[in-house]
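J.: Given chain A, put chains B and C in place with the hints provided.
Protein chains in written order, with the working numbering: chain A, 972 to 1061; chain B, 25 to 491; chain C, 355 to 642.
Just so you know, the hints here were simulated from the structure itself, not pulled from any lab data.
We put the CB at the ideal spot given by N, CA and C, even for glycine.
Treat each hint with caution, since some may be false.
[To be verified] Ranges of calculated distance between the beta carbons of each label pair, as one might list FRET restraints:
#1 Glu486(C) - Ser1030(A): 37 to 45 Å
#2 Lys121(B) - Val549(C): 47 to 55 Å
#3 Glu506(C) - Gly117(B): 57 to 65 Å
#4 Arg1017(A) - Val549(C): 34 to 42 Å
#5 Glu506(C) - Gly458(B): 43 to 51 Å
#6 Gly219(B) - Ala482(C): 53 to 61 Å
#7 Pro391(C) - Ile90(B): 46 to 54 Å
#8 Ile1001(A) - Asp387(C): 55 to 63 Å
#9 Ile1001(A) - Glu633(C): 34 to 42 Å
#10 Gly458(B) - Asp387(C): 37 to 45 Å
#11 Gly458(B) - Ile469(C): 22 to 30 Å
#12 Val549(C) - Asp252(B): 31 to 39 Å
#13 Glu522(C) - Ala299(B): 34 to 42 Å
#14 Asp344(B) - Val604(C): 52 to 60 Å
[Unchecked claim] As a list, the in silico DSS-like pairs of lysine-lysine whose alpha-carbon atoms are at most 25 Å apart:
#15 Lys94(B) - Lys33(B)
#16 Lys411(C) - Lys436(B)
#17 Lys94(B) - Lys42(B)
#18 Lys387(B) - Lys1036(A)
#19 Lys269(B) - Lys387(B)
#20 Lys1036(A) - Lys406(C)
#21 Lys139(B) - Lys182(B)
#22 Lys1054(A) - Lys411(C)
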Amino acid sequence: MEIKKKATAGTLESSDIFVQVEPNDNGIEINITSIVYNQFGEDIERTVREVLSEFGVNSVKIQLKDRGAVECAIRARIETALKRAEGMED
Amino acid sequence: MNKVVKSIKEAITLCGLKDGMRISFHHHLRNGDHVINMVMEEIANMGYRDLTVNASSVFDIHAPLITHIKNNVVTGLEVNYMGAAVGREVSSGIMQKPVDFRSHGGRPSDIENGKTPIDIAFIAAPSSDNMGNCSGKYGKSACGSLGYAFVDAMNAKKVVVITDNLVEYPLYDFSIQETYVDYVVCVDKIGDPTGIVSGTTKITRDPVGLMMASYATKVIQSSGLLKDGFSFQTGAGGASLAVAKYLKDIMLKENIKGSFGMGGITSYLVDMLEAGCFETLMDVQCFDLRAVQSIRDNPRHREVTASHYASPSAKSAIVDNLDVVILGATQIDTDFNVNVHTDSNGFIMGGSGGHSDTAAGAKLTMIVAPLTRARLSIVVDKVLCVSTPGNTVDVLVTQRGIAVNPRRGDLKERLLASGLPVVDIHDLKRIADGITGVPKEVKLGSKTVANVIYRDGTVIDKIKNTL
Amino acid sequence: MRRSMLFMPGNNSGMLLNADALGADSVILDLEDAVSPQEKDSARILVRNALKYLGYKGCEVIIRINSIDTDFWKKDLDEIIPMKPDMIMPPKVSSGMDIKVIENYMGEVERRHGIEKKISLIPLIETALGVENAFEIASSSKRIKAIFLGGEDLTADLRCKRTKQGDEIFYSRGRMVMAARAAGIDVYDTPFTDVEDEEGLRLDAEFAKGLGFTGKACISPRHVQSVNEVFSPTLEEIEYATEVMEIIQVAKEQGKGAISLRGKMIDAPIVERARQTLEAAKALGGAF
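Excised from the complex, chain A in its bound form (with noise of 0.2 Å):
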């Protein structure tokens, strides 16, 4: 999947996950702010890796701001903001 335009998902409410995605040069970069990182930074960016690789982006700036989000929530959060930046949903 190409990343074609910055795109968002999600919401700044507790419980749920606020994601950018932007188009970018040089592969993969990540920046995670959390209120529950210390118990989920590492689960937060894995979960982040795993649904780039499902979705086959290998470059992408993708900032995700986190108000404890389950992993649900935040796979499908990144799945909405992936496929609005390449343009598939309207």
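T.: Below, chains B and C without anything else, positioned relative to chain A:
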């Protein structure tokens, strides 16, 4: 004779404050209190150092304490509760000496038995006469009960009453009497009314909170304790208030005449008193305007001292006669130990208050908390800080099930018989981990930043610095 | 046993997390009215992930998709069917043809994903035409396990005011119950919309139960407990049903044809109702 002096500075000088002394404050003005900051600023300007501040609680409004600590004006801190603003700094290790945390019952006990003798008590009073007969029930900064301040007044070597409402002698409906008071200072404003009591305390609208409240109410019903003579304490949290409302409906429907409501008093407990659910309210602290009005106008709504409320060394205390208490938790472990001192990252953001006192006294101690907050489980293998020991906690109520302490097999049988969703606490933890994933253990430093002193005087935990 | 069906907004991750812990027998994860048009993609991806990872063991899960006059409903089914939810709720169903259109596409998605189970349907009937065609809709497919009346959209279509008392939907309620029972399926009542009015909710639910509704939808978790209580058999009903079954047994053993209980002849319909009551009580397992 006139005890009124013209400034806080003059009172400090007349009291003979010296470096290294212990001074005390109460927290009835809560997050609206100006008195601690006014007094400490004066003391700092006068050049004193190395003081120990013994305050029943400090709130976020007391953040200027951080500067006094960094400048060595304050080198000792003794509290029952500490808000996150000061707590965060303490956790990061700004004090040489650890903070001593006590409970609302432990503090008066240790002041009375001489473990923490007070040199000067500064008592914020919403109304006072010129001799120091004072009360929290009247004035623009009214806070209702002055329950936590009695022990300071009765035991400190010097007592300064600070008021913003000086009235004609005698203030007939006094709480603390003039016999204990050395000086009275009148200032423009002792606090910000909006931070002292909330206009109204409101029941939660959060569906999870209401679900827990509904379970908690059924637990009380099933416990066998809800009958004539029932006594009850609950906090001001939204779910606790919902329990009070549900209980009121049941008590009225089933014509149950309770004995007393205790604690921090909210409009919901006042409603119960006025509806005839209780004979009396025992009030150590008012949380909202209705409570303040009620303690002023209703003779059945009694002001009680912190010692009377919860002191472990008193010949008897109200907590020992309590049937049911509803308490919160930031964490609870599989041995039912509860943490209310630190957040899940180990930062100080609370304290026992009356948590461990009521847990020890009540026949049914109930923790009501959502199983997960954001991505964190309430139930953990080991709490970061033991505030209240598990052997005094009977039941944990969450939206995904009710865990009963194995020590209370009798209670478990009763709850099961009522069809309540009783779950082993280990299973609750597994359910939570299934939702959140397994969190990485939080690493803390090796320096002790606070001692948690249990009501019997033992240090039950040491809080370590955050990294 | 499905007494209460609780609506949950499909794009709210915090609420999806606790959807199955609020006491409702079913939750309706909503992709339609609770989700704005620009978040439809986000909601269906979130709901699909929630179904996949959260499990929802505590209750039945129904997904309300968008109506077939939108561009969204096929995408909704594409995402949701592979997760095999208990039921799909199509809104604004007005005829058996509507059901055929939905059913055909559901079958297509099921085949595409090799799903053998035929996912059930609970059509939401909320138009004048839909109410008039209620029996046709109810009997149009084996997938349909229940029909559900939507009072808000219906009254807009009827060009009348929606009131708390609900006189304006009285005919529709009766028609729905008749259609569902004639088709041998369950029937669910429209939600009570005043979240604060507990007393009004209870009266409304009791009225619906009296008409023959199986249960009622809730737009607020605060209504779930009352709805469950109203649509559960009462202790007296269970006791009476138990007595009926006992006396029938005795009659059989003694070879008696006609038998009476509490001065009333026990005939076949009474026995059938007693059997249903005990079945419901058993399904609830004391949890009411």
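J.: Now tell me if each hint is right for this structure.
T.: Against the structure, the hints:
The given range of 37 to 45 Å is broken by Glu486(C) and Ser1030(A), whose C-beta atoms sit roughly 57 Å from each other. Separation of Lys121(B) from Val549(C) is about 52 Å and conforms to the stated range, judged on CB atoms against 47 to 55 Å. A beta carbon spacing of about 59 Å between Glu506(C) and Gly117(B) agrees with the range 57 to 65 Å that was offered as a hint. In this structure the hint that Arg1017(A) and Val549(C) lie 34 to 42 Å apart at CB holds, the actual value being about 41 Å.
Remark: the range hint 43 to 51 Å for Glu506(C) to Gly458(B) is contradicted by a beta-carbon distance near 37 Å. In this structure the hint that Gly219(B) and Ala482(C) lie 53 to 61 Å apart at CB holds, the actual value being about 57 Å. As the Cβ distance of Pro391(C) to Ile90(B) is approximately 50 Å, the hint placing it in 46 to 54 Å holds. Range check, Ile1001(A) to Asp387(C): about 36 Å between beta-carbon atoms, so the 55 to 63 Å window is missed.
Between Ile1001(A) and Glu633(C) the Cβ separation comes to about 55 Å, which falls outside the hinted range of 34 to 42 Å. At about 31 Å, the CB distance of Gly458(B) to Asp387(C) disagrees with the hint of 37 to 45 Å. A hinted range of 22 to 30 Å for the beta carbons of Gly458(B) and Ile469(C) is consistent with their spacing of about 25 Å. Between Val549(C) and Asp252(B) the beta carbon distance is about 35 Å. The supplied range of 31 to 39 Å therefore holds.
Taking the beta carbon of each, Glu522(C) and Ala299(B) are about 38 Å apart, inside 34 to 42 Å as hinted. Take Asp344(B) and Val604(C): their Cβ atoms lie about 57 Å apart, and the range 52 to 60 Å holds. For the suggested pair Lys94(B) and Lys33(B), the alpha carbons sit about 22 Å apart, so the restraint of at most 25 Å is met. Restraint check for Lys411(C) and Lys436(B): satisfied, since their Cα atoms lie roughly 24 Å apart, inside the 25 Å limit.
Between Lys94(B) and Lys42(B), the direct Cα distance comes to roughly 19 Å. Compliance with the 25 Å bound is thereby established for this hinted pair. Of the supplied pair hints, the one linking Lys387(B) and Lys1036(A) is violated, its CA atoms being roughly 45 Å apart against a limit of 25 Å. A threshold of 25 Å between alpha carbons decides the hint, and for Lys269(B) with Lys387(B) the separation of about 21 Å falls inside it, so the pair holds. Restraint check for Lys1036(A) and Lys406(C): satisfied, since their Cα atoms lie roughly 23 Å apart, inside the 25 Å limit.
Among the hinted pairs, Lys139(B) with Lys182(B) is consistent with the structure: their alpha-carbon atoms are about 17 Å apart, no more than 25 Å. Of the pairs offered as hints, the one joining Lys1054(A) and Lys411(C) is violated, with about 30 Å between alpha carbons and a cut-off of 25 Å exceeded.
Hints 1, 5, 8, 9, 10, 18 and 22, counting from the list given before, are not met by this structure.
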